[in-house]
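Undergrad: The chain contents come next:
There are 4 protein chains.
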Amino acid sequence: MGLPMAKNLANRTPSVVAFDSNPTACAEAMACNIQILDSVQAVGERQCDVLISMLPGDQAFDTVMTEWRELFARAGNTHKPQTILNCSTVSPSTSKKWQESYHLHGGHIVIDAPVSGGVKGATDGTLTFMVGCQSHEDLDKVRPYLDIMGKQTFYCGPPGTGSATKLCNNLALAAQMLGICEALSLGEELGVDPVVLASVMNTSTAKCWSSEVNNPHPAVAERMANKPPAANGYVGGFATNLMLKDLNLALQAAREENVALPLTSTTKELYHLAQKHGLGDRDFGIVLSFLRGKSR
Amino acid sequence: MGLPMAKNLANRTPSVVAFDSNPTACAEAMACNIQILDSVQAVGERQCDVLISMLPGDQAFDTVMTEWRELFARAGNTHKPQTILNCSTVSPSTSKKWQESYHLHGGHIVIDAPVSGGVKGATDGTLTFMVGCQSHEDLDKVRPYLDIMGKQTFYCGPPGTGSATKLCNNLALAAQMLGICEALSLGEELGVDPVVLASVMNTSTAKCWSSEVNNPHPAVAERMANKPPAANGYVGGFATNLMLKDLNLALQAAREENVALPLTSTTKELYHLAQKHGLGDRDFGIVLSFLRGKSR
Amino acid sequence: MGLPMAKNLANRTPSVVAFDSNPTACAEAMACNIQILDSVQAVGERQCDVLISMLPGDQAFDTVMTEWRELFARAGNTHKPQTILNCSTVSPSTSKKWQESYHLHGGHIVIDAPVSGGVKGATDGTLTFMVGCQSHEDLDKVRPYLDIMGKQTFYCGPPGTGSATKLCNNLALAAQMLGICEALSLGEELGVDPVVLASVMNTSTAKCWSSEVNNPHPAVAERMANKPPAANGYVGGFATNLMLKDLNLALQAAREENVALPLTSTTKELYHLAQKHGLGDRDFGIVLSFLRGKSR
Amino acid sequence: MGLPMAKNLANRTPSVVAFDSNPTACAEAMACNIQILDSVQAVGERQCDVLISMLPGDQAFDTVMTEWRELFARAGNTHKPQTILNCSTVSPSTSKKWQESYHLHGGHIVIDAPVSGGVKGATDGTLTFMVGCQSHEDLDKVRPYLDIMGKQTFYCGPPGTGSATKLCNNLALAAQMLGICEALSLGEELGVDPVVLASVMNTSTAKCWSSEVNNPHPAVAERMANKPPAANGYVGGFATNLMLKDLNLALQAAREENVALPLTSTTKELYHLAQKHGLGDRDFGIVLSFLRGKSR
Chain U
1 MGLPMAKNLA NRTPSVVAFD SNPTACAEAM ACNIQILDSV QAVGERQCDV LISMLPGDQA
61 FDTVMTEWRE LFARAGNTHK PQTILNCSTV SPSTSKKWQE SYHLHGGHIV IDAPVSGGVK
121 GATDGTLTFM VGCQSHEDLD KVRPYLDIMG KQTFYCGPPG TGSATKLCNN LALAAQMLGI
181 CEALSLGEEL GVDPVVLASV MNTSTAKCWS SEVNNPHPAV AERMANKPPA ANGYVGGFAT
241 NLMLKDLNLA LQAAREENVA LPLTSTTKEL YHLAQKHGLG DRDFGIVLSF LRGKSR
Chain D
1 MGLPMAKNLA NRTPSVVAFD SNPTACAEAM ACNIQILDSV QAVGERQCDV LISMLPGDQA
61 FDTVMTEWRE LFARAGNTHK PQTILNCSTV SPSTSKKWQE SYHLHGGHIV IDAPVSGGVK
121 GATDGTLTFM VGCQSHEDLD KVRPYLDIMG KQTFYCGPPG TGSATKLCNN LALAAQMLGI
181 CEALSLGEEL GVDPVVLASV MNTSTAKCWS SEVNNPHPAV AERMANKPPA ANGYVGGFAT
241 NLMLKDLNLA LQAAREENVA LPLTSTTKEL YHLAQKHGLG DRDFGIVLSF LRGKSR
Chain L
1 MGLPMAKNLA NRTPSVVAFD SNPTACAEAM ACNIQILDSV QAVGERQCDV LISMLPGDQA
61 FDTVMTEWRE LFARAGNTHK PQTILNCSTV SPSTSKKWQE SYHLHGGHIV IDAPVSGGVK
121 GATDGTLTFM VGCQSHEDLD KVRPYLDIMG KQTFYCGPPG TGSATKLCNN LALAAQMLGI
181 CEALSLGEEL GVDPVVLASV MNTSTAKCWS SEVNNPHPAV AERMANKPPA ANGYVGGFAT
241 NLMLKDLNLA LQAAREENVA LPLTSTTKEL YHLAQKHGLG DRDFGIVLSF LRGKSR
Chain E
1 MGLPMAKNLA NRTPSVVAFD SNPTACAEAM ACNIQILDSV QAVGERQCDV LISMLPGDQA
61 FDTVMTEWRE LFARAGNTHK PQTILNCSTV SPSTSKKWQE SYHLHGGHIV IDAPVSGGVK
121 GATDGTLTFM VGCQSHEDLD KVRPYLDIMG KQTFYCGPPG TGSATKLCNN LALAAQMLGI
181 CEALSLGEEL GVDPVVLASV MNTSTAKCWS SEVNNPHPAV AERMANKPPA ANGYVGGFAT
241 NLMLKDLNLA LQAAREENVA LPLTSTTKEL YHLAQKHGLG DRDFGIVLSF LRGKSR
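Residue numbers (my numbering), protein chains in the order written: chain U, 1 to 296; chain D, 1 to 296; chain L, 1 to 296; chain E, 1 to 296.
The reader is advised that the hints may include incorrect statements.
For identical chains, the list gives no copy identity; a pair is met inside one copy or between any two copies.
Stated by the list, open to error - Cross-link-like lysine-lysine pairs, in silico, BS3-like; alpha carbons within 27 Å at most:
1) Lys141 - Lys120
2) Lys141 - Lys276
3) Lys294 - Lys276
4) Lys151 - Lys227
5) Lys151 - Lys7
Just so you know, these hints were derived from the structure itself, not from any lab.
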């Protein structure tokens with residue numbers, strides 16, 4: 001995800017510098033006139049206006065944030081406060097923790113701004129950002145960058161609420177997909193043509209993105225104009241593994257806040273079983289196949 | 001439901017006759033120039049072109065169908081074949097069983113045409129019908145009546161598929177509502193304003209009827225133009241008891257067809273627990289309150 | 001199951017007659033001096049003191065009971081009242097329905113007496129019977145036969161309670177097995193030797209038949225004196241398919257009685273998924289493998 | 001729990017010193033000739049052979065361990081390596097983390113030894129310890145203390161496995177209790193006397209501690225010799241809140257290890273809902289009442 005986002009930035013703003021642990025990504029970035037530095041620390045030392053992170057999860061984010069904080073502490077007053085724009089999906093409590101910690105240690109601002117839209121949205125510059133930060137003023141500081149990388153930005157509230165909004169949207173989405181899969185699975189056995197069932201649902205109270213845009217039934221998907229992954233063996237799309245990661249973050253947040261999420265728990269376990277049965281790298285609509293006994 | 005449907009028919013077609021076990025409904029029907037007969041049997045004896053049934057479930061439907069079949073058998077060849085339009089939600093196998101049985105015993109046609117839209121849709125004549133029958137020709141025989149009582153009719157396929165489609169739509173709907181409830185419940189504890197969360201979801205991949213039209217959070221519902229039941233203590237709307245009935249029918253059909261519905265099972269149990277805790281007569285969005293510890 | 005039960009009876013009582021739709025079973029029975037009749041009806045015509053049924057489920061039981069009732073009705077007063085001992089597992093409401101119907105039509109007694117103990121118990125004459133009937137006197141009429149086929153008989157109460165007890169025992173058993181599987185699965189990943197974990201559980205509050213006698217972990221099973229199916233690729237034992245059948249009957253009874261069974265619903269769905277993934281003919285302990293991603 | 005454990009130690013070994021944040025507990029301990037110190041730090045400074053911790057959870061344990069480690073670091077070589085015996089239930093990864101950290105920083109030994117047996121077991125000195133540590137030699141160092149406080153000690157394996165074993169036992173126990181509750185709930189509605197059902201299960205394959213020792217049905221509990229909490233409004237016993245805490249720890253460990261625990265997830269959610277409905281301080285058998293619609 002980070003590479004296409006950096007490319008879009010480099011096309012529109014001067015002097016983008018970057019680091020990635022993956023050398024292939026670095027090489028490709030250099031080919032697009034992005035200066036590649038040696039390390040996370042080297043990026044921190046540049047005293048850029050905005051530091052943007054796009055990392056696989058809480059642990060990687062913790063590592064980078066710890067490194068930068070130590071760097072800033074060593075630099076002391078010679079280091080001006082910076083804005084860190086975290087586009088990774090991390091848990092709301094992690095996001096909040098660092099926003100508080102950085103604020104206390106030198107007045108830095110940390111903004112949580114997880115995205116939706118996937119690799120395609122990152123490439124096309126059409127991502128959606130869900131932003132949590134102290135104020136609209138803080139958001140304004142990074143808005144020019146968000147506008148380059150995406151087409152929609154939601155201000156969700158104080159630190160952590162951007163992450164929270166992303167996780168809440170995705171837990172509802174995960175349940176919707178599974179509900180549509182079960183409806184299509186039962187309907188077909190009862191003799192309803194899945195194309196007919198999908199069309200009825202799409203004009204009725206069960207309509208949702210998973211029935212209308214990302215329909216998980218191959219027979220329905222093949223007849224749609226914008227063919228979703230189900231038309232192509234569930235390749236591409238939003239991987240089951242990534243949905244599982246978000247569901248785990250949502251359940252962890254729920255535990256911290258003492259919120260009961262019985263449906264989300266079941267949903268998570270089903271995607272987890274699908275992953276255990278070898279389907280983790282396919283679009284999460286493949287859970288339809290899993291319910292019917294398919295593994296790899 | 002039967003009364004407003006009959007009223008709309010009586011407004012547009014002559015000579016509607018009816019029977020209901022509820023004397024109040026009968027009295028109100030008579031006030032609208034509907035002739036009330038003494039019994040289910042008396043209705044059957046009238047040799048109307050179309051017999052319309054609107055009954056609480058499989059058992060009541062079985063009773064009526066048994067009675068009429070015996071009546072028709074006694075009458076023999078003097079009784080012309082009739083069309084029975086069943087608007088009750090019954091299990092697909094029950095629907096199929098009677099369609100076959102009536103066809104064998106005298107060439108009668110039985111059509112399953114369960115509705116969505118609730119009492120309001122029945123009153124306004126804006127119901128949606130999901131129709132299962134042998135052919136489009138059979139559907140054409142009842143279409144004039146469907147067009148009076150509703151605004152949309154879907155032909156779903158052979159006998160039983162109307163019922164199947166209704167149940168499939170509603171199981172997906174039930175999961176969507178619960179997913180939205182869990183998202184709103186977690187979001188609020190994480191500091192996201194429910195109005196903000198709902199508005200983000202409604203422009204994103206979690207958008208559905210339960211977030212957009214029938215939002216279950218009172219704070220969101222109160223700010224909507226068409227206030228859903230959550231704005232009014234969950235009075236009105238689609239009762240938890242009725243959703244529970246449909247989920248039970250879906251699970252029974254799944255058992256007969258050997259379909260695994262793990263999410264629907266969890267969904268059903270949660271609505272069932274809400275009912276056990278005294279919330280059965282409220283709109284099914286009240287499951288949001290149940291998750292947070294509310295009972296009556 | 002019926003064959004070894006009949007053999008044990010024939011060894012101890014004269015004049016056992018029988019019918020089975022499976023010719024191989026009939027041939028083997030004849031070799032053991034059991035007289036094989038032509039049909040279910042022929043068995044009913046013999047006017048034996050006790051008729052014993054061992055059938056695959058509700059539907060087969062309904063068919064046989066319908067046939068016999070019609071036979072008895074035709075025979076009228078010349079046919080003395082009989083005792084029907086049903087050892088099949090059927091739903092409590094089916095059991096109750098026939099007990100009432102037969103009592104009304106000629107004073108016949110129907111006793112529900114489902115078994116536990118499997119093919120091995122049937123062969124060894126060590127089955128356990130859970131009996132539902134009107135009185136201890138009714139039970140005494142069949143006790144000599146129960147004592148030949150089994151070693152333990154529980155009087156559970158009025159008609160239907162034998163079936164109910166069997167289903168209740170088995171739903172608890174199904175959850176226990178899954179709980180033990182999840183404990184062993186998590187423990188192993190956390191570095192606990194499954195043999196150690198099993199031995200701690202077996203002296204602690206998690207001890208149960210599924211940890212102590214039918215332990216589902218191959219490494220534990222191999223070290224036990226009486227090797228359970230997990231020591232042998234889950235061949236033999238109590239098939240996942242049969243457990244699934246009992247769980248479906250329990251859930252159906254729960255629906256009829258408006259009882260919420262959330263854990264049993266989840267349990268049923270997991271065995272169902274295991275069956276969908278090709279594991280239905282193996283001992284139900286194979287759900288441990290299923291959780292870890294194994295299919296056939 | 002800490003108080004009765006300390007009392008038993010003080011009865012048998014000289015010079016027990018202690019600290020607790022609860023002044024009432026401290027006062028009672030002083031009355032039993034236990035010297036109370038001012039702080040966690042003061043306890044650490046005493047250079048006792050063994051430090052025993054009994055704390056409410058991971059967070060409190062982390063705080064104490066951080067404090068002591070800093071203390072030991074400041075003291076440097078003048079501080080001899082100590083053995084820390086942690087009897088709190090914490091997550092296996094937390095236990096492992098501190099065992100490694102203390103070993104690296106000065107050769108201290110940390111042993112995880114969570115207990116079962118509750119306040120009664122602590123008072124009577126009949127606790128069961130599940131121990132994780134590097135070797136049997138390490139266990140031998142604390143065995144004299146374990147033998148005073150408990151009657152059974154299991155060596156479960158390397159660091160973290162004591163905690164793991166405790167959590168695995170309890171997740172199986174939680175599912176067993178719920179399974180027994182559902183069996184008793186369904187059985188009663190089907191007309192089976194709960195006393196009869198319990199007695200059949202207790203001689204059959206569903207027998208477990210939750211049916212035999214801690215039966216959750218009041219009618220059964222009242223007739224038992226050692227009356228379990230269900231005989232007394234579910235007061236006493238193992239609180240739903242504590243079971244919920246253990247289930248959350250188990251699920252967190254499962255997430256870290258990528259283990260699917262679908263039944264445990266459902267189980268956790270049901271205890272969580274019971275807690276949300278005001279039943280958290282009662283014995284976890286009260287989930288039987290919750291399933292039937294009871295709240296406080």
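Undergrad: Indicate which option fits the pair Lys151, Lys227 if close means a Cα-Cα distance not exceeding 27 Å: within, between, both or neither.
TA: Answer is within: at 22 Å inside a copy they meet the 27 Å cutoff, but 31 Å across does not.
Undergrad: Given a CA cutoff of 27 Å, do Lys141 and Lys276 count as a within-copy pair, a between-copy pair, both, or neither?
TA: neither (43 Å within a copy, 42 Å between copies)
Undergrad: For Lys294 vs Lys276, is the C-alpha pair at or below 27 Å within one copy, between two copies, both, or neither?
TA: Answer is both: 12 Å inside a copy and 8 Å across each meet the 27 Å cutoff.
Undergrad: With 27 Å as the alpha-carbon cut-off, assign the pair Lys141 and Lys120 to within, between, both or neither.
TA: Classified as within; 26 Å inside a copy, 50 Å across copies.
Undergrad: Since the copies are identical, ignore which copy is meant and state whether Lys151 and Lys7 lie within 27 Å (CA to CA) inside a copy, between copies, both or neither.
TA: Within one copy only: 16 Å inside, 51 Å across.
Figure legend: structure checked against the earlier numbered hints; the only hint not met is number 2.
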